[in-house]
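First to last, the protein sequences are chains S and C. Numbering-wise (the working numbering), the first sequence opens with residue 1 and increments by one. Numbering-wise (the working numbering), the second sequence opens with residue 1 and increments by one.
No lab work stands behind these hints, which were simulated from the structure alone.
A short list of chain C residues far from chain S (calculated; beta carbon distances all over 12 Å):
#	residue
1	12
2	56
3	144
4	293
Now the in silico label distances, taken between C-beta atoms and shown as ranges:
#	chain 1	residue 1	chain 2	residue 2	range
5	S	28	C	113	42 to 50 Å
6	C	116	S	193	49 to 57 Å
7	S	105	C	116	52 to 60 Å
8	C	25	S	21	53 to 61 Å
9	S	290	C	151	28 to 36 Å
10	S	317	C	113	47 to 55 Å
11	S	140	C	276	22 to 30 Å
12	S	139	C	18	18 to 26 Å
13	S	116	C	25	48 to 56 Å
14	C	299	S	112	47 to 55 Å
15	S	59	C	42	23 to 31 Å
16	C	57	S	198	42 to 50 Å
17	C	274	S	82	49 to 57 Å
18	S	307	C	128	58 to 66 Å
The C-beta atom is built at its ideal place from N, Cα and C for all residues, glycine as well.
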Amino acid sequence: MIMIRVENLKKYFSSGVFRKKYIKAVDGISFEIIKGETFGLVGESGCGKTTVGRLILRLIEPTEGKIFFKNINILGLSKEDLQKLRPKMQIIFQDPDSSLNPRKKIGESIAEVLKLHKIVSKNKIKEKVIELIEMVGLNPEHINRYPHELSGGQNQRVAIARVLAMNPEFIVADEPTSSLDLNVQAQILFLLRELQKKLGLTFLFISHNLEVIKVMADRIAVMYLGKLIEVGKTSEIFNGSKHPYTQALLSAVPVLDPEAKQKRKIVLEGEISNPINSPSGCRFHTRCPYREKICENIEPKMINIRDGHQVACHLYS
Amino acid sequence: MTLLSIQNLRVHFLTEDGIVKAVNDVDLVIDEGDTLGLIGETGCGKTVLGLSILRLLPKNARIEGKILYRGKDLLKISEEEMRKIRGKEIAMIFQNALTSLNPVLTIGTQLSEPFELHHGLKKKNAIQKVIEMLKLVQIPSPSERVREYPHEFSGGMRQRAMIAMGLACKPFLIIADEPTKGLDVTIQAQIIDLMRELTKSSMSSMLLITHDLSLATELCDNIAVMYAGEIIEYGSIKELFKNPKHPYTQGLLDSHPSRGLKPMHGISPSLINLPEGCKFHPRCALAMKVCKNKRPQMVEIEKKHFVRCFLYDYD
Chain S
1 MIMIRVENLK KYFSSGVFRK KYIKAVDGIS FEIIKGETFG LVGESGCGKT
51 TVGRLILRLI EPTEGKIFFK NINILGLSKE DLQKLRPKMQ IIFQDPDSSL
101 NPRKKIGESI AEVLKLHKIV SKNKIKEKVI ELIEMVGLNP EHINRYPHEL
151 SGGQNQRVAI ARVLAMNPEF IVADEPTSSL DLNVQAQILF LLRELQKKLG
201 LTFLFISHNL EVIKVMADRI AVMYLGKLIE VGKTSEIFNG SKHPYTQALL
251 SAVPVLDPEA KQKRKIVLEG EISNPINSPS GCRFHTRCPY REKICENIEP
301 KMINIRDGHQ VACHLYS
Chain C
1 MTLLSIQNLR VHFLTEDGIV KAVNDVDLVI DEGDTLGLIG ETGCGKTVLG
51 LSILRLLPKN ARIEGKILYR GKDLLKISEE EMRKIRGKEI AMIFQNALTS
101 LNPVLTIGTQ LSEPFELHHG LKKKNAIQKV IEMLKLVQIP SPSERVREYP
151 HEFSGGMRQR AMIAMGLACK PFLIIADEPT KGLDVTIQAQ IIDLMRELTK
201 SSMSSMLLIT HDLSLATELC DNIAVMYAGE IIEYGSIKEL FKNPKHPYTQ
251 GLLDSHPSRG LKPMHGISPS LINLPEGCKF HPRCALAMKV CKNKRPQMVE
301 IEKKHFVRCF LYDYD
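Next up, chain S with everything else stripped away, as it sits in the complex (with noise of 0.2 Å):
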């Protein structure tokens, strides 16, 4: 069953007062996310991938395209209805200290989000918030602190606690550990592998950390300047990637084993270009070590290679 499908989404930013300019954050995109899966969306900095899971929720509107949750297009849904939706499909965000209100206690901030949605009836409030903050590792004790009294990575476990109190089904996780030392990123990652398996959740998986999304995801997509640019099962993308840059991507990660210290790395030239006046064509061809003359021109179609690996690159057109 497919739980998101996006069809040619796309999100301009205008800046500027008198000569207008367009930020292309997201250039026309599309992409399933079948129930149950974790579907990492994978990119560096300003390649528009946290743009991308707000679109889906809705948290900003999209310049064009549609998306679908179970059918339903969200992009027609009355403000009514998409309150209703939304407990449904839920996000946790890169910076857990900044997302909760610093002036309510753990426990309230729980609270809040039951009575809302009216989850439970209010004499159950309690019972329930106790259930979820156990659910997510926390001591019931943990009710009655503030998060700043809190390390990071409970807050974060905090974070995680208020999204499932709405019993979601789609969850976006946005750089959840980005912020978070080693041994607490693990943490909260078998964390998140746990829920997932014993709730049946769906999640998409945004990370600019490879190490991370190759444990976590079952099917990458990889971004480059606002285009998706590879799509595939996780195996298939870290043993067989076409594209030159998730290549190159693939390659810098650095490698933790010594012995495999003078592994040839391709070390790309220069940097993102600037999303408000992408190149031409392939929008990688500036960094691109394979450019020939049609990829400064023609920009690349995604194409099928083998079941549901999907590449836009000319090399293999």
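With chain S's structure known, arrange chain C on it following the hints.
Positioned in the frame of chain S, the structure of chain C alone reads:
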């Protein structure tokens, strides 16, 4: 030959909340041409250790022990002597280039400072030197870029400028504190390559302070693992990754995504309220009675592989 030898270093901060015991009886040796990685989680005291070498700590710090640089104790010399060493013989690359660079001065003005200060060059000649340095760290069109301000540089370029500044006087020792934090992987790969080349060509030693195990693997010869203000394991990179001995080192490696993502339970202790005995015992699955009361000593279990744990302390 030994370049830097830290002996019994202890750094405590007096604060309103109590005494923050950031560095506790640390011994470390860096040989000439060596790259030592100091790894540990947030709040384990690794940055404080780095800053104490250059005497850059705030006034409420109480420092004990010795930091011998070429036989000279850096904690005893005068401020004037220290200033001659700082930036010239021992340089630091800070983690956040945007906050470490002065936003109202051009890159050229800031980077020329070490040349004017330590080599007595005139401004004009110093700027020439800066342009050479920027070229070395592969910043495109350096003679124009030298007139720009930090905000006109991208994150990767700012970090390169920081590295250029750190290396400006060809220091004998570079202290690099999380030099690739917040950079994208493709840019990170460029910076790693650059640092490896530059330290090799200038024969500098380096102390790399990081929480990123993969980065340490890429750049270091030896690794010291820090936990709650103490060095708990030390060894060559190969030995340490193949054969980690301390339960914390083992746990840290196992929590890495590429090693199966098996988290340790619990969190690092606060430096104000450290546990008795072995600092890791409340989280250690193999803790014994002795671990709660006595601090384990550093023992050499194999050649140049040291560990601070009662599992290996047979006396």
